[in-house]
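**Q** Sequence:
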Amino acid sequence: MNRITLGALALVGPMSVTPVAMAQETRQVPPPLHYAVHHVSTPPAMDGRLDDPAWSKAEWTSDFVDILGGSAPTPKYKTRVKMLWDDKNLYIAAELEEPNVHAKLTEHDSVIFHDDDFEFFIKPVVDGESYYEFEMNALNTTWDLFLNKPYRFGGKADNSWEATGLKSAVHVNGTLNQPDDTDRGWTLEIALPLNSFASRQQVTLPGNGTTWRINFSRVEWLPGHEHEENWVWSPQGVVNMHVPEQWGYLDFRK
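Numbering (my numbering), first residue to last: 1 to 254.
One or more of the hints may lead you astray.
[To be verified] Straight-line Cα separation of at most 20 Å, SDA-like style, residue types lysine to any residue; simulated pairs: (1) Lys156 x Glu245; (2) Lys88 x Thr211; (3) Lys149 x Ala198; (4) Lys88 x Lys123; (5) Lys123 x Gly185; (6) Lys82 x Trp212; (7) Lys78 x Glu95; (8) Lys82 x Lys156; (9) Lys78 x Thr61; (10) Lys82 x Ser56; (11) Lys88 x Val203; (12) Lys82 x Lys167; (13) Lys88 x Asn208.
Read the hints as simulated data drawn from the structure, not as lab findings.
With the sequences and hints as input, model every part of the structure.
**A** As structure tokens, this is what we get:
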């Protein structure tokens with residue numbers, strides 16, 4: 001079965017992954033990871049470079065692993081994330097090792113995972129069924145989506161949701177779309193407004209001790225491979241990002 005992201009399931013329909021299939025294909029994985037995100041008074045500038053002093057207050061996550069976890073092969077290229085927050089935004093920074101940074105999609109709400117991309121999935125109402133997804137490529141082209149519930153339970157993708165006020169930026173450490181040289185990779189920054197969920201559900205603003213669910217995915221199209229790779233922070237145990245119970249925990253700290 002192909003490695004499936006939210007957008008892919010939106011194209012093929014919710015019947016592509018049934019509860020029975022999920023049960024058969026899920027591997028045993030360790031408990032979901034935790035990340036303590038610290039509050040800052042001065043936010044980082046959104047330029048994609050990650051050299052802002054604010055980022056020195058944030059720890060890197062562990063390196064991404066294959067979506068299946070366990071004994072699955074180690075990803076070919078390194079990926080890691082760090083986060084901060086203030087009273088207005090959740091800030092996400094990512095570092096993606098890549099010897100040939102390339103992207104072609106330029107239209108907002110394109111199917112971004114047709115390029116190499118970076119994705120996050122976030123569930124601010126932990127006891128509810130709904131959640132949000134955001135994808136971006138090295139051209140800083142973005143796609144934001146809302147899911148009322150996971151596909152395997154009949155969920156529908158809502159492309160009309162917009163993360164109003166979101167800011168993102170990319171810095172390429174090399175040359176974009178130049179395959180005849182070797183790049184080091186690309187870095188990105190995202191500022192996600194904490195009130196951007198309001199058009200779909202009421203979300204209480206986080207405080208010290210609040211916990212949300214979150215996970216990150218990197219889609220990589222390796223030359224000569226039939227299918228894309230999915231590398232993630234907290235392994236899913238199944239080729240499906242839409243199993244929120246396997247996502248990591250985002251623990252807000254002041």
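**Q** Each hint should be assessed against the structure and marked as holding or not.
**A** Right, here's what the structure says about each hint:
1. The suggested pairing of Lys156 with Glu245 holds, with an alpha-carbon distance near 18 Å, which does not exceed 20 Å.
2. Using a Cα cut-off of 20 Å, the hinted pair Lys88 and Thr211 holds, with the two alpha carbons roughly 16 Å apart.
3. A distance of roughly 17 Å separates the Cα atoms of Lys149 and Ala198; the hinted pair therefore holds under the 20 Å criterion.
4. For the given pair, Lys88 sits about 17 Å from Lys123 by alpha-carbon distance, which is consistent with the 20 Å threshold.
5. A hinted pair counts as satisfied when its Cα atoms are at most 20 Å apart, and Lys123 with Gly185 does not qualify at roughly 29 Å.
6. A threshold of 20 Å between alpha carbons decides the hint, and for Lys82 with Trp212 the separation of about 15 Å falls inside it, so the pair holds.
7. In summary, the hint linking Lys78 to Glu95 is supported, as the alpha carbons are separated by about 8 Å, within the 20 Å threshold.
8. The hinted pair formed by Lys82 and Lys156 fails the criterion: a straight-line CA distance of about 30 Å is larger than 20 Å.
9. The suggested pairing of Lys78 with Thr61 holds, with an alpha-carbon distance near 12 Å, which does not exceed 20 Å.
10. In summary, the hint linking Lys82 to Ser56 is supported, as the alpha carbons are separated by about 10 Å, within the 20 Å threshold.
11. The straight-line distance between the Cα atoms of Lys88 and Val203 is roughly 13 Å, inside the 20 Å bound, and the hint therefore holds.
12. This hinted pair checks out: Lys82 and Lys167 have alpha carbons roughly 16 Å apart, not beyond 20 Å.
13. The suggested pairing of Lys88 with Asn208 holds, with an alpha-carbon distance near 14 Å, which does not exceed 20 Å.
Against the hints set out earlier in the document, violations occur for numbers 5, 8.
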